[in-house]
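Residue numbers (our numbering), protein chains in the order written: chain A, 1 to 332; chain B, 1001 to 1517; chain C, 2001 to 2309.
Sample of chain C residues lacking proximity to chain A, with all beta carbon distances greater than 12 Å (derived):
no., residue
1, W2057
2, P2132
3, R2242
4, I2287
5, L2289
6, S2300
What follows is a set of in silico ranges between Cβ atoms, one per label pair, in the way DEER data are often shown:
no., chain 1, residue 1, chain 2, residue 2, range
7, A, D258, C, T2062, 18 to 28 Å
8, A, P257, B, R1116, 52 to 62 Å
9, A, P118, C, T2062, 52 to 62 Å
10, C, S2272, A, G331, 20 to 30 Å
11, A, Q76, C, G2118, 19 to 29 Å
12, C, A2282, B, L1380, 53 to 63 Å
13, C, A2273, A, P118, 33 to 43 Å
14, B, E1395, C, T2307, 34 to 44 Å
Keep in mind that the hints were calculated from the coordinates and are not lab data.
Note that beta-carbon positions come from the ideal geometry of N, C-alpha and C, so glycine has one too.
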Amino acid sequence: MNNKRKSLSIMRLLALLLSLAMVAAACGGSDDAGGGSVAESDTDLTFAIVAPSASDDLAFTQSMVDAVKALGIEPQITDGTFVVEEAASAIRGYADDGVNVVIAHGTQYGASLAEIAPDFPDTTFIWGTATDTQGLDNVFAYYPEANEGGYVNGVMAAALTNSGVIGVVGPVEAGDAVAYVNGFAKGAEAGGAEVNITYTGSFGDVALASEAAQAHLTNNADVLTGSAQMVVGAVTVATGEGVPWFGTQANQTPMGPDVVVASQVYHWEVVLEQMIEEIEGGTLGGKAYAVTLENGGLEIEYNDGFDLPDDVKAKAEETIAGIIDGSIDAGV
Amino acid sequence: MTPPPPQTGPPLLEMRGITKRFPGVIANQDVDFDVRAGEVHTLLGENGAGKSTLMKILFGLYQPEEGEVLLRGEPIDITSPSEAIDARVGMVHQHFMLVPTMTVAENVALGIKSDRGPLTDLDAVSERIREISEAHGLAVDPDVEVWRLSVGERQRIEIVKALFRDAELLVLDEPTAVLTPQEVDDLFVILRRMTEEGRGIIFISHKLHEVMALSDRITVLRNGRVTGHTVPAETSRENLAEMMVGRAVKLSPHRPDVTPGAPRLKIRGLSVVGDRGTRAVDQVDLDVFGGEILGIAGVSGNGQRELAEVVAGLRKPEPGTSIELDGQAIDSASTRERRDLGLSYVPEERMRDGAIGDFTVSENIILVDHGSEKFSASGLLNFGAIKDHCNKLVEQFAVKTPSIETPTSSLSGGNIQKVIMARELSAGPAVLIASQPTRGVDIGSAEYIHERLVEQRDRGTATLLISEDLDEVLGLSDRIAVMFEGRVVAIVDHDDATREGIGLLMAGVFDEEPATT
Amino acid sequence: MSEFLTLTVIMATIASGIRLATPYLIAALGETVGQRSGVLNLGVDGVMQLSAFFAYWTVLETQNLILGVLAALAVGLIMGLIYAVVTVSFHATQGISGIGIFLFGLGFSDLMFQRQVGTPRPIKQLQEYGIPFLSDIPQVGPALFEHNLLTYAAFLMVPIVAWVMRSTTFGMNVRAVGENPQAADSLGVSVARTRYAAILIGNTMAAIAGAALVLQLGIFQPNLTQGLGFIAIALVYFGAWRPVGVMGGALLYGLVNATVLQWKAQGIIPRSASDIAAMAPAVLTIIALVVLAGRVRPPSALTRPFTRH
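Could you build all of it, start to finish, from the sequences and the hints given here?
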């Protein structure tokens, strides 16, 4: 009798757990959407997006949803699939339904895609962020050349520092974050500044990011930047101490209206448009596209609330032009 | 049948016509029980007879279906232990209700409103504990943590707890189970003093000589019903046992004179390190002769268990230990080799070391012999032979079981022990080690097990009997070895052994030179 | 190396360690009370996430830090009540119930954040106050005696919790119920009521820890705690269920983290060893637990629901 009651309450708990897990699954995210300036496409192709977090997360997932919509396309959406198996079945389902283009918006979906894509040779799969297509000829990949905006931010930071020391707060030494950090360091060092880089070891630990920023300030840094979600902790330190901050991945101005100088933002619609052209031309995949300063997929958005000296801004614009025309090498 | 109980005072407690049913069981049926101020009223009965149900009703843990409880002549409805405490009813539980990490004073103060509001008032509590212990001869240090104390001291704290709450009616549930005979005597003095103050005591026990010694009145329960009210002057241990069991019981088996043969088990210099890392058995020499039962008496934890485990081969002795069985050295032999030489073992933890609960009765009976030629050929079990063998043993050992295919765990403790005895004795052992053979076993089964042990002795088996039940050791043993702190401090012949003498030795009171064989 | 040894840097590192230790300390002290009563709450992290969000949201809307802390307190009480009902009244297994609370806190705080706030926006942070005279001590003063009120409260709670456990009848009941609930029950101490109270205290303190975290940072984002609540539970074992031990563990954890960050900023730890160094606090905790294991004993009734029989 006792056992029965126990198993009943465990069942109840499991039900509770499941519903909670579903709530949890519906959330999460990382990046931010941009406001692109690309002409609406008049394609007849049908689109679907499978993404790990909510489509209105004001972050990673929404950046892709907005990008597709910016092209005048109304996609079908399966969001909140942070369980990879669920995403895989959604991707396969859309392909089965005859959707022309399935966007798998998550690096973690790569392995599933390698299994699914060969079964649907007439469907295009778009996968990112990733720098290669895993050799599949019906897969397009996309990624940001984050080092370019990093370089531009670095040049401005070097111009703003008085102490000559700049602090960088990174997560784990991997992915876009490394490209941004290395590009930033290269730009700042080109401007004659010393750059101290801390990888906290976590993408999410805001408290560590905050203390890492404090540690940089203790070591005389007077300009800060950083990459990944946890930098919100560093931005508030910058705000508290009145130290200029450079952002990336999203326009971080709302987090630090007084200290954010500029942010590098991503516009996926630029590369999506190129992919659509290829598909309509009969090429269903096989290429990786980068959003860059040159193609307009990367953009430096300045904070009007920060009093950026004109000469520094001019220097930034010069640097952008230099990277676009190849006279400056932001590569790392 | 019995004369009306003596009037020693006004009725303190009356329980009238109490009936309590559980699904499929009547735990109490129309039970009448009363206690007067100034008397010890014993509640006697086997496990499951309904004693604890009756006490749980008194303490508000169960509500009776029928009947009423009167305290000091007034009907009372107790629904929780704290209401019982408020009504000045106290209980000393068999398993002590103490928090080992807290001090004596904290344990006593628990649950009592402090004079300092939310703050504890331990100084005042300690002071009062000292007063109580002085007044009642209960030596207790209020400031020491309970885990440091001996079992006897812990029991005194339980009594202090009840006195601190000024309990007028005190229930003691099997209070002597863990005490040495001297501690029992001390306890009885304390209890007597409490009755002289006008308190009433309910004494729950199945140790008949203690019941005879302490009680003013005795009520016997069997299967939830009262089977007798009596007073010690008009009854006997045999009489009480009959009321408990429902038929005549022989308490001490007849031990015919047998001339002991050669030593079959020879132990020299046995030492072993116990679970706590200290030496549990220290240089023990023992000879057990064919045709004798050598009983080991001692307070639990003085090395008896480790001694048995070493001889059985379950625990590794220290170097220098020598054990011979019929002249063959076995101290480094495996348990299988020991069995093949004729060693049988009835372990203390019968459900852990003696039988596999999920196995059927027959599987447990053949457990150690299932690979032998008798029961298997080429690795296949011979079910026909097994069945015949098991049915024979189940009948021979009077195991009460629906069938030999019944899971062993569904049998009563006494019947599980009989299954183990059947297996261990059927081989006709040269040496038998029996650890606590009747602990938790009903009187009927205990009587039967005792008879079998004596029968085996008569056939020439050398038996090492380890028991915390001194009556059992005194009743069965030809010689009694007393263990204290890991050493054998004396060996006494059956005819020279008295409870008092053995009790003193168990408590560590002996001449400095330990006895040898 | 020499740079690290300047007094300024050492003191800044200590101050950083104290800030980092604060939420761990508050949560672990609360969990200590709960565990001493025999209840393990694996949901600490979830309660922290929820209370951190509600504290953040309240301050975002009202700019009032006190209201933020009160909102967190309310969350702690509600979650504590739920956990107490489930584990004490319904005797549910504590392990899995706590995980349920954790997942709920994680998921619901995330959902609420996405729906109600979206982009992380900064809020007012806890202000630091110097203790008169003490904070004027050169170098040492600002590091030790210039913190926010919740940090002071956290360290003040250490002797208070120790005193409550040792010297009040409530504390005695908590200890008894955690060691031998049958004994407590037999003396009329309500096991259920005592455990309800201990759970509510534990959850309320977890909630304050969540508030301290978010109000120190001045910003919220989903999964803000990053498992902080679980480390806090480990610190209870680390501290052998004693408030002072728990404080030692929290400070050690915070100071090691702060030192690692300081050394990274100065390049003393090479970038190639960065990720390994990030594990240092966790590794240290595990080593300490292994060393301590067996020497200290948890409350005997920990995780065991109480029923009369």
